[in-house]
Amino acid sequence: MTSKKLVNTVAGCADEALAGLVACNPNLQLLHGHRVALRSDLDSLKGRVALLSGGGSGHEPAHAVGTLLIVKNYTGDRLNFGLAREQARAEGIPVEMVVIGDDSAFTVLKKAGRRGLCGTVLIHKVAGALAEAGMGLEEITNRVSAVAKAMGTLGVSLSSCSVPGSRPTFELSPDEVELGLGIHGEAGVRRIKMASANEIVTLMLDHMTASSSVSRVPVQSGSSVVLMVNNLGGLSFLELGIIADAAVRTLEGRGVKIARALVGTFMTALEMPGISLTLLLVDEPLLKLIDAETTASAWPNVAKVSVTGRKRSRAAPAEPLEAPVSTVAGGLTSKRVVLVVERVCTTLLGLEEHLNALDRAAGDGDCGTTHSRAARAIQGWLKEGPPPASPAQLLSKLSLLLLEKMGGSSGALYGLFLTAAAQPLKAKTDLPAWCAAMDAGLEAMQKYGKAAPGDRTMLDSLWAAGQELQAWKSPGANLLEVLTKAVQSAEAAAEATKNMEAGAGRASYISSARLDKPDPGAVAAAAVLRAILEALQGQGV
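Heads up, the sequence shown is in our numbering, so the first residue is 1 and it goes up one at a time.
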């Protein structure tokens, strides 16, 4: 079965993609009748060395436009550019050719030599800066040839790519990744078991710098390098950032100075979900060429300062000192607060799989996971020391914790609820104040979440409980009796959500015919209230 591609025709892919590039970039124009893009200001550049680079389509945005031929070391590329060079020379045009082989995959050198990979893009940049400065052809050729020997690239992929109209180039089992592959879908030097980003990056850097390898890049402690983290086409930005972090940490841990870090999509293999790492040994003159201004649209806007040695974080503002408050409503001491919060955490951890199952009907099946993440974060926080005795400070701290650790819309909603609920408790902590706290939390959730009672969200449970808690405003109200009714109402409201049509949240995009189970957020909120009630009952409050 061929892969799905958003194309018009297989035969027209390259021409139409090139036309799209030129149509959206005023700095480029097409050479009529050819698959060649030229600088629009070409007529004003007479007297400077021209740069020509290219190859097969599918590696965009790799090939520079710019008579130095920059060729990746593949047979087809060498043959085609070699023919062009000979034809030009036959007409008396001075042409030189630099063949780039930066692949660090092979430990034993093959006759074909090292393949040309993403490091070629750095050669484009250096050669372009030299040509723009007016340097002669011979000197540019010598300079970039020396630079090409001081770099190495290694790729890894989670699966193959596929040429439009064709099947995938190779198959990988779900627990395998391909190490040391090329950019045409060809297999790598070996297959390894799927591992964490840290482990894979460490393996890649070990392989690239191994002293026993003939294709190693001679990077060691004290070296200064440009690091290029390249998306092979199908990797998410999330993964790219994780890989970049791992590469920077690992290199710096080995005493390597990272002068510049380029992260992005530079040389692709169509939609291949993988990355390549390139290391280029640099000194200050070479860095100036890397930093030279360019109008190339795909070149990243990178700060011209070293990555290593820069301060990457700052201390968070100090938390305000807590006012000494020994008890909360009903004589609930700090020790009892801990027991209540721990009961809530245990409850949510026990509901993880159930909530995930409910969430698969209308979401991405992670409601239970999200709540468990919050529970574990709170448990970890409790181990650091006693929580604030002040109810307002307790809720505020829990709000910040959930916003930071829980994530997703649930973390934001709980954070809003707790932040707003904390405000009425700053002045008083009696039962009417706790009722006011519930009202304030519900108002904030509705204001920013745009949900209303009956919309099949967690608000349904909390709203039902809030109506019962109004009884706390009456003199002589009993804490546990009212809370018991509130919990029962919350649970009934959660169960009733299975018969509601979703009016807000992710479930609102799903056909109501598919929603035959209770809303997981509503179930979780009711479970939290039940856990609070049972913890208080167990303590005889």
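A couple of the hints might just be wrong.
[What the hints assert, rightly or not] In silico PhoX-like pairs for lysine-lysine, Cα to Cα no more than 20 Å straight-line:
| id | residue 1 | residue 2 |
| --- | --- | --- |
| 1 | Lys-288 | Lys-304 |
| 2 | Lys-397 | Lys-383 |
| 3 | Lys-473 | Lys-428 |
| 4 | Lys-311 | Lys-257 |
| 5 | Lys-485 | Lys-473 |
| 6 | Lys-397 | Lys-428 |
| 7 | Lys-46 | Lys-110 |
| 8 | Lys-383 | Lys-405 |
| 9 | Lys-473 | Lys-426 |
| 10 | Lys-397 | Lys-335 |
| 11 | Lys-304 | Lys-149 |
| 12 | Lys-257 | Lys-304 |
| 13 | Lys-111 | Lys-149 |
| 14 | Lys-257 | Lys-288 |
| 15 | Lys-498 | Lys-473 |
| 16 | Lys-426 | Lys-397 |
| 17 | Lys-335 | Lys-304 |
What the hints contain is simulated information worked out from the structure, not anything from laboratory work.
Please read all numbers here as calculations on a predicted model, not as lab measurements.
So, going through the hints one by one against the coordinates:
The hinted pair formed by Lys-288 and Lys-304 meets the criterion: a straight-line CA distance of about 9 Å does not exceed 20 Å. Taking the CA atoms of Lys-397 and Lys-383, the gap is about 15 Å. The hint holds against a cut of 20 Å. Of the pairs offered as hints, the one joining Lys-473 and Lys-428 holds, with about 13 Å between alpha carbons and a cut-off of 20 Å not exceeded. Taken as a hint, the Lys-311 and Lys-257 pair is honoured in the structure, with Cα atoms around 14 Å apart against an allowance of 20 Å.
For the proposed pair Lys-485 and Lys-473, the alpha carbon gap of about 15 Å is at most 20 Å, so the pair holds. A threshold of 20 Å between alpha carbons decides the hint, and for Lys-397 with Lys-428 the separation of about 18 Å falls inside it, so the pair holds. As the CA atoms of Lys-46 and Lys-110 are separated by approximately 41 Å, the hinted pair breaks the 20 Å bound. Note on Lys-383 and Lys-405: the hinted pairing holds, with a Cα-Cα distance of about 16 Å set against a maximum of 20 Å.
Simply put, Lys-473 and Lys-426 have alpha-carbon atoms about 17 Å apart, close enough for the 20 Å limit, and the pair holds. Among the hinted pairs, Lys-397 with Lys-335 is consistent with the structure: their alpha-carbon atoms are about 17 Å apart, no more than 20 Å. Taking the CA atoms of Lys-304 and Lys-149, the gap is about 24 Å. The hint is violated against a cut of 20 Å. For the hint pairing Lys-257 with Lys-304, the CA-to-CA distance comes to about 14 Å; that is within 20 Å, so the pair holds.
With a C-alpha separation of about 17 Å, the suggested pair Lys-111 and Lys-149 falls inside the 20 Å cut-off, and the hint holds. A hinted pair counts as satisfied when its Cα atoms are at most 20 Å apart, and Lys-257 with Lys-288 qualifies at roughly 16 Å. Distance restraint check for Lys-498 and Lys-473: the Cα-Cα separation of roughly 32 Å exceeds the 20 Å cut-off, and the hinted pair is therefore not satisfied. At most 20 Å may separate the alpha-carbon atoms for a hinted pair to count; Lys-426 and Lys-397 meet this at roughly 14 Å.
For the given pair, Lys-335 sits about 54 Å from Lys-304 by alpha-carbon distance, which is inconsistent with the 20 Å threshold.
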